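Please construct the entire structure, taking both the sequences and the accompanying hints into account.
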Amino acid sequence: MILKVEDLRVKYGQVEVLHGINLTIREGEIVAILGANGAGKSTTLMAISGLVKPSAGRIFLDDFPLHEAPAHEIVNRGVAQVPEGRRVFGTLTVAENLRLGAFSNRNQEQVEQIEARIYELFPVLKQRRDQLAGTLSGGEQQMLAIGRALMAGPKILLLDEPSLGLAPILVKTIFRTIQHINESGMTIVLVEQNARAALKLAHRGYVFEVGRVVLENSAEKLLADPNVQNAYLGGVA
Amino acid sequence: MEEFFQQLTNGLAVGGIYALIALGYTMVYGVLKLINFAHGDLFALGAYLGLTLLTSLGLNSRVGPLAGLALLVVFVTGLVALAGALLERAAYRPLRQSPRLSAVVSALGASIFIQNTIMLIYGSKIHVYPKGILPAVAVNIFGLQVPLVRILVFVVSLLLMAALFAFIQKTRLGTAIRAVAIDQDAARLMGINVDQVIMIVFLIGPGLGGVAGLLVGLYYGQVNFTMGWIYGLKAFTAAILGGIGNIPGAMLGGLILGVIEALGAAYVSVAWKDAIAFLVLIVILIARPKGLLGERVADKI
Ligand SMILES: Nc1ncnc2c1ncn2[C@@H]1O[C@H](COP(=O)(O)OP(=O)(O)OP(=O)(O)O)[C@@H](O)[C@H]1O
Ligand SMILES: [Mg+2]
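Chains A and B are the protein sequences, given in the same order. Sequential numbering of the first sequence, starting at 1, is according to the numbering used here. Sequential numbering of the second sequence, starting at 1001, is according to the numbering used here.
One should not assume that every hint holds.
[Stated by the list, open to error] Pairs of lysine to aspartate or glutamate residues, derived as EDC-like cross-links and limited to a Cα-Cα distance of at most 20 Å, are as follows:
| id | chain 1 | residue 1 | chain 2 | residue 2 |
| --- | --- | --- | --- | --- |
| 1 | A | K53 | B | D1195 |
| 2 | A | K11 | B | E1003 |
| 3 | B | K1273 | B | E1003 |
| 4 | A | K126 | A | E112 |
| 5 | B | K1170 | A | E112 |
| 6 | A | K53 | B | D1185 |
| 7 | B | K1170 | A | E96 |
| 8 | A | K53 | B | D1183 |
[Said to hold, decoys possible] Footprint (simulated), chain A over chain B, 3 or more residues, beta carbon under 8 Å:
| id | stretch |
| --- | --- |
| 9 | 1170-1176 |
| 10 | 1181-1190 |
Honestly, the hints are just simulated from the structure, not real lab data. Keep in mind the model is a prediction, meaning the values are calculated, not measured. Glycine is no exception: its CB is placed at the ideal position from the N, C-alpha and C atoms.
Structure, rendered in structure tokens:
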């Protein structure tokens, strides 16, 4: 499996916010995408998921052109996203949220098996399965959002700022879970403001600045890069 | 006391009809945040299609009253549902990305179009439903003589509401409809085809509204081409009363409005019957703009 983004451009109205993004994500990798607010990280993920249409450029999952497909088909092709701000369905129960993650899977038995695995990964969700998602804490909602995305049985998981708004202790838990999910074979694209934690986890990283990729390297090299340290890691560690 | 209970059963029957129509407003509002102003006219279309099925096709005389009624419900639901889906395709989908006002204007245009089509086909005079579709008998309920047609109207609307509720709460597709109403893009990320879900809502809502039209024809025995306007407004009031976008709210709002109106007509004045509904609307908009069941706590998160 390989995800390729080629010269991706996106406009909101007349304003172009992505000016030709190139990415390559290989099977089994965790790839971090770093960048300041408004750099275009979320827009890139939205374009991959088909929620915004590129004004130019192409996106391929293996040989399949995602840029031509509607959003629901992109999910069915194996690209799941945990969107920024979690976006769980607040007035639906935890279990209903999870089942929706497997919406296109008509194999009831298989859905239940995956659901059981999600409950193993996040035992707290099992305790709260009949509770409305909107009543969960922020950390629990993040776990639900990740679990819900995994329900689709994706080939690749796009995570948009999973640590946003969480207490440091929870951030650690979430990052450990992400590592765990990756170790079981999942390819992961991780958008993060929390650059240091993301790079410690990732194999490679891209740095975005105002709609362009300005750096691309292995995670160790990026961690050691003085420019990255100054801009994103709060000076030398 | 007798008078009170007669009016109560009458109010419940009429309220069931309001509730069926209100569901169409509330479900469409739920997924599109749009008031389908043509919904009342689809309801009227249901009343007229029922009339045609009864008179031209003589549906009822061929199979007997109860089977005939069931067939009528099925046909009217199917045809009006189809009209609803066509309406969505022609009047709303092309404007999905346009400013809100465009869709509102399109809705008003569709309303006038359907109303005029009905008038062109059927003429502007009042039409009478054939007599004797249902035996004109009364049923004794705890000593109260309730007309059979009243019971049937109430039971049919109650059954349809229960079926809808079960569908929305218990099925995969029903859950998808709720998800689309909460967050369309998040629903897309679940692999839900949002256009398809919206289309399904435009089958269900008008389908139920069409049956309501048929029930009005059976209950009052007559239909006219402007009936969509007044019933539409009443049902819209019921949807607001229950909390627009909220499905159980529309059911509750319809029943409550029907009862208030019937009791008001009996104890205040028949002349005030329609005014009472709008008084209710004004009072809710001032006192509880979110409606009775609107805005559950978790909605805010
Ligand atoms: N729906 C929208 N309409 C118009 N402009 C938008 C929209 N969404 C994002 N933008 C603009 O596009 C640019 C990129 O935004 P994007 O959300 O992709 O950035 P980001 O890197 O994810 O930022 P953050 O770290 O704050 O989440 C920003 O300038 C933003 O203001
Ligand atoms: Mg973002």
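Hints versus structure:
1. Proposed proximity of K53(A) and D1195(B) is supported: the alpha carbons are some 16 Å apart, at most 20 Å.
2. Distance check on the hinted pair: K11(A) and E1003(B) sit about 67 Å apart at the alpha-carbon level, beyond 20 Å; violated.
3. Taken as a hint, the K1273(B) and E1003(B) pair is honoured in the structure, with Cα atoms around 17 Å apart against an allowance of 20 Å.
4. Using a Cα cut-off of 20 Å, the hinted pair K126(A) and E112(A) holds, with the two alpha carbons roughly 13 Å apart.
5. Of the supplied pair hints, the one linking K1170(B) and E112(A) holds, its CA atoms being roughly 16 Å apart against a limit of 20 Å.
6. With a C-alpha separation of about 13 Å, the suggested pair K53(A) and D1185(B) falls inside the 20 Å cut-off, and the hint holds.
7. At roughly 10 Å between alpha-carbon atoms, K1170(B) and E96(A) fall within 20 Å of each other, so this suggested pair holds.
8. A distance of roughly 19 Å separates the Cα atoms of K53(A) and D1183(B); the hinted pair therefore holds under the 20 Å criterion.
9. Evaluation of the coverage hint for the stretch 1170-1176 of chain B: fulfilled, as 3 residues show C-beta separations to chain A shorter than 8 Å, against a requirement of three.
10. Coverage of the stretch 1181-1190 of chain B by chain A holds. Counting CB-CB distances below 8 Å, 8 residues qualify, and the rule asks for three or more.
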